[in-house]
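Trainee: Listed here are the chains, written in short residue letters.
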Amino acid sequence: MNSGPDGARVNGTAPALNEAAVGRIFREESGRCVAALIHIFGDIDVAEDAVQEAFAVALLKWPGNGLPPNPGGWITTTARKRAIDRLRREARGRELLKQAASLSPHNDDPGLPEEEGPVRDDRLRLIFTCCHPALSVETQVALTLRLLCGLSTEEVARSFLAAEPTMAQRLVRAKRKIKAARIPYRVPEARELPDRLHAVLAVVYLLYNAGLTNSTEPDLCSEAIRLARIVGMLMPEEPEAAGLLALLLLTESRRASRTRADGSLVLLGEQDRTRWDLALVAEGQAIVQRCLRRNQPGPYQLQAAINAVHSDAATVEQTDWSQILTLYDHLLAVAPTPVVALNRAVAIGEVRGPEVALSLIDELALDNYYAFHATRADLLQRLGRAREARAAYDLAATMAPTQAERDFLRSGGRAAR
Amino acid sequence: MAKYLLSAYSVEGDVRDPMTDQEMQRSWKQVIALEQEMQSSGTWVFSGRLHEPGTATVVRMSDGKVLTADGPFVESKEHLGGFYIIEATDIDAALAWASKVTAAINAPIEVRPFAGTGELARYVEDAAG
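Those protein sequence lines, which keep their order, are chains A and B.
Residue numbers for the first sequence follow our numbering, beginning at 1 and rising by one.
Residue numbers for the second sequence follow our numbering, beginning at 1001 and rising by one.
Treat the hints loosely; a few may be bogus.
Derived pair list, reagent style DSBU-like, types lysine-lysine, alpha-carbon separation capped at 30 Å [claimed, not checked]:
(1) A:Lys177 <-> B:Lys1003
(2) A:Lys179 <-> A:Lys98
(3) A:Lys81 <-> A:Lys61
(4) A:Lys177 <-> B:Lys1077
(5) B:Lys1077 <-> B:Lys1100
(6) B:Lys1100 <-> A:Lys175
(7) B:Lys1029 <-> B:Lys1077
(8) A:Lys179 <-> B:Lys1003
(9) B:Lys1003 <-> A:Lys98
(10) A:Lys81 <-> A:Lys177
(11) B:Lys1100 <-> A:Lys179
(12) A:Lys175 <-> B:Lys1003
(13) A:Lys177 <-> B:Lys1100
For the chain B half of the interface with chain A, some residues (derived, Cβ under 7 Å), not all of them [said to hold, decoys possible]:
(14) Ile1091
(15) Asp1092
(16) Pro1113
Hint data in this document are derived by calculation from the structure and do not stem from the laboratory.
Only a predicted model underlies this, so the values are computations on that prediction, with no experimental measurement involved.
Cβ coordinates follow ideal geometry from the N, Cα and C atoms, glycine included.
Model the full assembly from the supplied sequences, consistent with the hints where possible.
Mentor: Here you go:
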């Protein structure tokens, strides 16, 4: 491909770029650029502002000149130049530049960090900064969306049904804390890594689930999958990172069949399996296979494996429940939570009947969890105890998080279909 | 390097089984060893244990006069029992020390960065360049 002097495509095949397209491409690239600039300048605000300025330049140039061959590189270079120009004009900025440059041999130009690649990608450092345990989980999520996914403060606020000023304040406070308390910009050492990686994966998982309950734009489920891919690519030695990606891909494969047109939920057993996204299923299952060969199971890998077994069944009757039960046994061993025990009881209900399952779940301390009552209701219904089932469905409905689920449960849940 | 305040909080009326002499000895030994580790690694700046909040007195300005009052400024169940001031590279290092302190004395530790230390005149000058 031919490139013009400033890297723009000149062969006339460049697609027309409108503002929305520039915005989309920009968001794709912005996490990497912000991360690289934080590395150069050691300051999140400087990096954010500079990338924002580069975006304004892109909006002016790209629609006319076409997309540069390496948009990410273009944004990083443009933002770096803008940041240096701006910092040179301010006393505090000149101090910052001197500090940044002391890391590199040249005058007050800190230069570009060495060649980018999967081994040395600044996004990984940034993910660990954003998901530092000294920040609240809400703040971790907000920072991750803002800095790594490139969402605007307004978009982050909308994703969490929060007011924009509240979200802006939370982000400002978080950045102040990162600076004042010196939350480091680095990948944790090996001995801290398991705990810290767990926090990162938890944020990505939470983002995905938030996307399933609030359908806002930009789509949080896609953002979560994008982040899971980045973490998986940057930490290929971590089987749980791969496990999380597989779990999200397999869940995503069923998204179209998961809700009806009116927004109400369709249970796994009642979904139109021909609408599952087979490309996502294949990708998720391939990752699960690799995890199985590696044989270092963890909670995300096991949940992915359970989902992979469901994906194997062309009809609900063909589901291999005994394999699912075996996987839940493993999952309960590594993650002994009441919620896992509840899901395992559902599998037991399929393998050994509703009576055994009901006696198991009645021992769980999950009185405030709607899915507990919904599951109990299903089992009671199967045992022909209709009146108790009705009461359990009603109780579940009062606790369900979304209107769609409340309606579904009030109408008698699974039993009514 | 940055300085952090590690505050040890105690909760009034928090009835725990009183430590046996042996447990007390073990806890003290742990704290002494920890403080030596802080000293030899250049982490320790200052530390102290405080008398109970009932021994506190508050002075304040009111209509140009100084008022003196018996008791702590904040009446609460939780109070500062003691603290360490340490020097550490970043919050990860500070949190690692705080984890050791909480393990040794079995009280929650709040970690807070200093915005400045030493005589005010010195860092006002620093800030002015």
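Trainee: Compare the structure with each hint and give your call.
Mentor: Here is how each hint holds up against the structure:
| no. | hint | verdict |
| --- | --- | --- |
| 1 | A:Lys177 <-> B:Lys1003 | holds (14 Å) |
| 2 | A:Lys179 <-> A:Lys98 | holds (18 Å) |
| 3 | A:Lys81 <-> A:Lys61 | holds (16 Å) |
| 4 | A:Lys177 <-> B:Lys1077 | holds (27 Å) |
| 5 | B:Lys1077 <-> B:Lys1100 | holds (24 Å) |
| 6 | B:Lys1100 <-> A:Lys175 | holds (27 Å) |
| 7 | B:Lys1029 <-> B:Lys1077 | holds (28 Å) |
| 8 | A:Lys179 <-> B:Lys1003 | holds (13 Å) |
| 9 | B:Lys1003 <-> A:Lys98 | holds (23 Å) |
| 10 | A:Lys81 <-> A:Lys177 | holds (27 Å) |
| 11 | B:Lys1100 <-> A:Lys179 | holds (24 Å) |
| 12 | A:Lys175 <-> B:Lys1003 | holds (19 Å) |
| 13 | A:Lys177 <-> B:Lys1100 | holds (23 Å) |
| 14 | Ile1091 | holds (5 Å) |
| 15 | Asp1092 | holds (6 Å) |
| 16 | Pro1113 | holds (5 Å) |
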